[in-house]
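> Residue numbers (the working numbering), protein chains in the order written: chain W, 1 to 114; chain S, 1001 to 1110.
A hint or two may mislead.
Said to hold, decoys possible - In silico DSSO-like cross-links for lysine-lysine, where the CA-CA straight-line distance does not exceed 27 Å: (1) Lys1057/S - Lys1009/S; (2) Lys78/W - Lys11/W; (3) Lys1102/S - Lys78/W; (4) Lys1102/S - Lys62/W; (5) Lys1102/S - Lys1057/S; (6) Lys1102/S - Lys1015/S; (7) Lys11/W - Lys1102/S; (8) Lys15/W - Lys71/W; (9) Lys1065/S - Lys1015/S; (10) Lys1105/S - Lys1073/S; (11) Lys1105/S - Lys1022/S; (12) Lys1105/S - Lys11/W.
Hints listed in this document are in silico derivations from the structure and should not be mistaken for laboratory results.
Since the structure is predicted, the reported quantities are computational estimates derived from the model, not experimental observations.
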Amino acid sequence: EAGVVQSPRYKIIEKKQPVAFWCNPISGHNTLYWYRQNLGQGPELLIRYENEEAVDDSQLPKDRFSAERLKGVDSTLKIQPAELGDSAVYLCASSLDMTSNEQFFGPGTRLTVL
Amino acid sequence: AQRVTQPEKLLSVFKGAPVELKCNYSYSGSPELFWYVQYSRQRLQLLLRHISRESIKGFTADLNKGETSFHLKKPFAQEEDSAMYYCASYSGAGSYQLTFGKGTKLSVIP
Chain W
1 EAGVVQSPRY KIIEKKQPVA FWCNPISGHN TLYWYRQNLG QGPELLIRYE
51 NEEAVDDSQL PKDRFSAERL KGVDSTLKIQ PAELGDSAVY LCASSLDMTS
101 NEQFFGPGTR LTVL
Chain S
1001 AQRVTQPEKL LSVFKGAPVE LKCNYSYSGS PELFWYVQYS RQRLQLLLRH
1051 ISRESIKGFT ADLNKGETSF HLKKPFAQEE DSAMYYCASY SGAGSYQLTF
1101 GKGTKLSVIP
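Looking at chain W on its own, in the form it has when it is part of the complex (with noise of 0.2 Å):
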């Protein structure tokens, strides 16, 4: 078992462009969250799935950013344009279901906005 695999590792683009990140969870996993992590932060929740619907994307910053998980499996998150701000590792986790109280994060993609 892999666990939670996300791509790329790392993306470097300019501001104003477009980037797009994915991820796979754990086979069987209902509950899929992404989280953006600053530099010397924690992570923050940007969106939850519960299969294919959000179900709490209150942090989610709905100008730029969108995401979605279609079959409610995969999912893949958006930032259209990129600003400077946006440079952080954006993780993937998940979980069984939504009252699972473990979640599995994947390695996360390092974004730097130049």
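The hints should help you fit chain S onto chain W, whose structure is shown.
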């Protein structure tokens, strides 16, 4: 909003010395609290949760509702304990949103 406070960014101890990583939370109800750990070049992973009342790798954490604390302790630090430690809490009834502290970097000196 739920807050989790870890007052120390960095904690250095000698091998064999006791360790205490501090965590305070703001939720006034019945919180669910966790410690996550990230070793160098590894992914974030759950270390322990308060409802299990377990000891993992020699670490324990006791929930103190009076002091709203959930400090992580180990009587004798080992070099392999060097890592980033994050305290986390569920925000409240039905929310299932995990709120993390800023983390404490533990460095165990040989």
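> Against each hint, give a clear statement of whether it holds in the structure.
Outcome of the hint check:
With a CA separation close to 22 Å, the supplied pair Lys1057/S and Lys1009/S stays within the 27 Å bound. Our distance criterion of 27 Å between C-alpha atoms is met by Lys78/W and Lys11/W, whose separation comes to about 13 Å. With a C-alpha separation of about 25 Å, the suggested pair Lys1102/S and Lys78/W falls inside the 27 Å cut-off, and the hint holds. This hinted pair checks out: Lys1102/S and Lys62/W have alpha carbons roughly 25 Å apart, not beyond 27 Å.
Of the supplied pair hints, the one linking Lys1102/S and Lys1057/S holds, its CA atoms being roughly 22 Å apart against a limit of 27 Å. At roughly 24 Å between alpha-carbon atoms, Lys1102/S and Lys1015/S fall within 27 Å of each other, so this suggested pair holds. The suggested pairing of Lys11/W with Lys1102/S holds, with an alpha-carbon distance near 24 Å, which does not exceed 27 Å. With a C-alpha separation of about 31 Å, the suggested pair Lys15/W and Lys71/W falls outside the 27 Å cut-off, and the hint is violated.
A distance of roughly 31 Å separates the Cα atoms of Lys1065/S and Lys1015/S; the hinted pair therefore is violated under the 27 Å criterion. With a CA separation close to 14 Å, the supplied pair Lys1105/S and Lys1073/S stays within the 27 Å bound. At roughly 12 Å between alpha-carbon atoms, Lys1105/S and Lys1022/S fall within 27 Å of each other, so this suggested pair holds. At roughly 26 Å between alpha-carbon atoms, Lys1105/S and Lys11/W fall within 27 Å of each other, so this suggested pair holds.
In summary, the structure is inconsistent with hints 8, 9 from the numbered list given earlier, while agreeing with the others.
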